[in-house]
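**Q** Listed below, chain by chain, are the residues.
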Amino acid sequence: MALRNIDIGAGASAFLEPERKRGIVIDIPILLATLSIAGLGFIILYSAVGENSSVVLRQVLRFGVALLVFGVLAQVSPRLLRIWSPWVFCIALVFLLMVMLKGEMGGGAQRWLDIGIIRFQPSEIMKISVPMMVAWFMHERPLPPTFMQLLILLLIFCVPTFLIYQQPDLGTALLVMFSGGFTVLLAGLSIRLIAILGVFSLSCIPVLWSYMFDYQRARVLTFLDPESDPLGAGYNIIQSKIALGSGGLFGKGWLNGTQSHLEFLPERSTDFIFAVMGEEFGLLGLLFLIGLYLVLVGRGLYIASQAQDTFTRLLAGGLSLTFFVYVFVNSGMVSGLLPIVGVPLPLVSAGGTSMVTLMAGFGILASIHGNRKLLAS
Amino acid sequence: MNSTVTLKDHWKEQRLFLSRLIAAGIIILVLTGVLIWRLVQLQVVDHELFAELSQGNRLRIQPLAPTRGLIYDRNGIVLAENLPTWELTATPEQVLDLDSRLQSLEDLGLINLAASEHLIELVRSHRGFERVKLANLSETQAARFAVRRHHFSGIDIQEGLMRSYPLGDLTGHAVGYVSSISASDLERINRSDYAATSLIGKSGIERSYEVTLRGSVGYRQQIVNAQGRILLDPVAVDALPSSDSSQGALETRWPTPGKNIFLGLDVRLQLAAHRALEGRRGAAVAIEPQTGDILALVSMPTFDPNLFAVGLTQADFQKLNNDPDKPLFQRALTGHYPPGSTVKPFLGLAALHYDVIDPDSREMCPGHFILPGTSHRYRDWKPEGHGPIDLHQSIVQSCDTYFYQLAVKLGIDQIHGFLRGFGFGERTGIDVMNENAGVIPSREWKRTQFTQREDQTWYPGETVITGIGQGFTLVTPLQLAHATAALATSGQRFKPRLVIATEDAVTGKIANHEPVLLDIIGNVEEPHWERITQAMVGVTEEAQGSGHNAMRGTEYSVAGKTGTAQVFSLAADETYDAEEIDESLRDHGLFIAYAPVENPTIAIAVIVENSGGGGATAAPVARQILDAYFLEGPNGSKKY
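Residue numbers (our numbering), protein chains in the order written: chain A, 1 to 377; chain B, 1001 to 1640.
Pulled out of the complex, with its shape left as it was, chain A reads as follows:
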């Protein structure tokens, strides 16, 4: 327990009381697990991009930035985060609308917003600000939410989801929806209501189906079963299954993956990097990686269980569950369990924005845990 929060303030001992605000909050399990995953990610990426060290270096730099964000957010008290929540949400929403307008005028798909010095995807902010907003909304209210409150909550996470889906970015839209949905579920949405909603949406499927045109049906079927279209969407999945399967128990060894090195596997440095890992490090390598992810998810759920007010509880739970969905959707897609939606493998896939968001989320988790006793007093 003593190691959970250490104070590395100038010359101070590591055993200061955690509720003392002066200390720097760093969550050791989270830090160790993310460092391990990212490190493993650099190694795989080096192989996936054909031993191009400059790509890996860029990824290391991105992780450095993400780590900085993690460290900074860990110092922000949850109370402050709570006060910021509606503002962050509104600003992110405005950014999303700006992206949409820009897209309409530019006549093409738009995800990026350029404000002077930085260029970023507002949809990424939503992954964190939606659970924050939901948690903020329920903070002062008794759980579980009433029906009217549920409708408002639904609006909170469905509006950004819809805007992101329009960009179009199905993967991020799904993650944002899950992040909001999970937070609502944790807030104590009654099991009966969940069941009713589930049955209702299931019963809608045949109705929708009968209204669709043939080509739309074909598109849905290809989406659900990409292998039926081996010349299109199915190509990726067939190649990634070969990569995974040929890796076997122990893998072909680092830099020895033929599927990836002979460039048969598409998007091998981003969405399909899980397959490169499976080909070169085998089942054992994948189990190790999955284990590390579970450590992070478990730590997050533990922090949620220890949290002392509604806001931090819901936020910590929502962020952790979303992180798991992230991992599961990507690995499930690469191994042919799930349809193909563009979701990167967290902390491993090349690309900066999602890495920063993820580490920001972990920073919030660290802050929630590190400051928990302050709140109780």
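Because the hints were derived from the structure by calculation, they are not lab data.
None of these values were measured; they are calculated from a predicted model.
Among the clues, some could well be false.
[Stated by the list, open to error] The following residues of chain A were derived to be distant from chain B, with all beta-carbon distances above 12 Å: (1) S53; (2) L57; (3) L67; (4) V88; (5) F147; (6) E279.
[Said to hold, decoys possible] Coverage of chain A stretches by chain B, computed from C-beta distances (three or more under 8 Å per stretch; other residues unrestricted): (7) 192 to 200; (8) 356 to 365.
No residue lacks a Cβ here, since even glycine has one placed at the ideal position from N, Cα and C.
Fit chain B to the supplied structure of chain A, relying on the hints for placement.
**A** Chain B only, in chain A's frame:
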């Protein structure tokens, strides 16, 4: 806010939250279990199969092209077919240095980079494993490449089928053409449908019936080595007794060939119209009134669709596109023309129907018409006038003065409503794209069409000139033929169509498309139709008829009407002298007709641009088409 304060029960809330958290944890463990089970299946259970697929050998998915459907005319004459050819293809991910490879190919005389600047862009816009067609090769070019093939990794020749249009420019506009899939096409199509095909329908039937003609792509999985050499091909293996364990995992799905299409076109009529309009700008449309089948669809000048199918160079395309006679412009469907006097039978019918005239009473024609209370003279084509004249003779001799009065009596709103009933002013719904709607003006139309206040008002003078098909009124040749067909059937309007049947290329089963009845102009009484028919017969048979010269001595009876449409208007004191004005400002000649009068089987509209009077220029074209229809060959030999 709600005034009643609900107290938060922290203990209960925490329990609720914890129970949810535990449930979430269990679900996470279950899902992780499913994932691991899946990975074990792939990496342990099926490991050997996948290892074999990847180790040294690789699985390649070879798309198999469907054969494009053929296009026939109504008598089974081939209008579009597929000929064997050699295609030069590139697989982008296997080509190491695209620019220099293409340069070498050009040095060999196989491609022409200057003429097709977009080639590099085209290759780059495809996915790495998709083959892109670079060019069609002749036999000798293919041989020249074959001996140097080892220098060009990723570039290959394969046997392919080339689209060919045996009748060339005769069917350029009607059938349309296929051409290489462009970068912009890629954005609107499902790419996997074209994985094995390099051509896509761009215009006419080829475009509108693309999905029918295309068929669906097949594929086969092959095992190839690192150099792309085929080691195991299930199609070849099927014949052999095989012990190869991976064979079972290889799939083949054969392509489904596209359907063959039968058009209502009759090549004989098409040819007659084409010849009669040769060297002119104009259009001719012939329709079978009882079905809406298009028998002839000619726009002149035209182009050879084979140029596009083979691959047109940028320069050649520019030449076609910039030609002042606009050979790429399909006049028959998209050309907007004033109908001129061909509108008179329709307006005569309207006047009978609304009972605004006594058809047998004679009105005085002094050679011009003056709106009461104004001074402007609306001139008749015959300066000295026709004298006293009734409805019948006004149509036979095409008296303008009579129809100026008639239009004023009808009023623009009744004219608008009646003409709309014949399908003017809206798309006919023909089964090819890019049809224009034309314009039938009304007060309402003018209000919405113009922004300036003074332009939005309808002036009485505008009604007057509408009476002779001038002013705002615009029609397409197709609409004119369609409306003439409705005159022939006393009001039944069938949707014009090019395709009358499709044939399944595998089973040979023919599916006939039923004619689509759009509308019946049912409220006009039979004697009115009869009166107009008699007047139109008079046009071709009476000595004074404006179409008499062209239709002299036919073995069949024809109901017709000439038209001369002004392209630019003269001031009241000017005289029209064809010699003096620029050719592009000369009058358009028009002619509509149907035959035989007793039981019409063909309706025609002809427009000859800037040719002068319709009786002298357009009617002879119609005569050629009718002669081809009634006199040439066994007419009863229609296959469908």
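**Q** Tell me the hint numbers this structure goes against, listed in increasing order.
**A** 6, 7, 8
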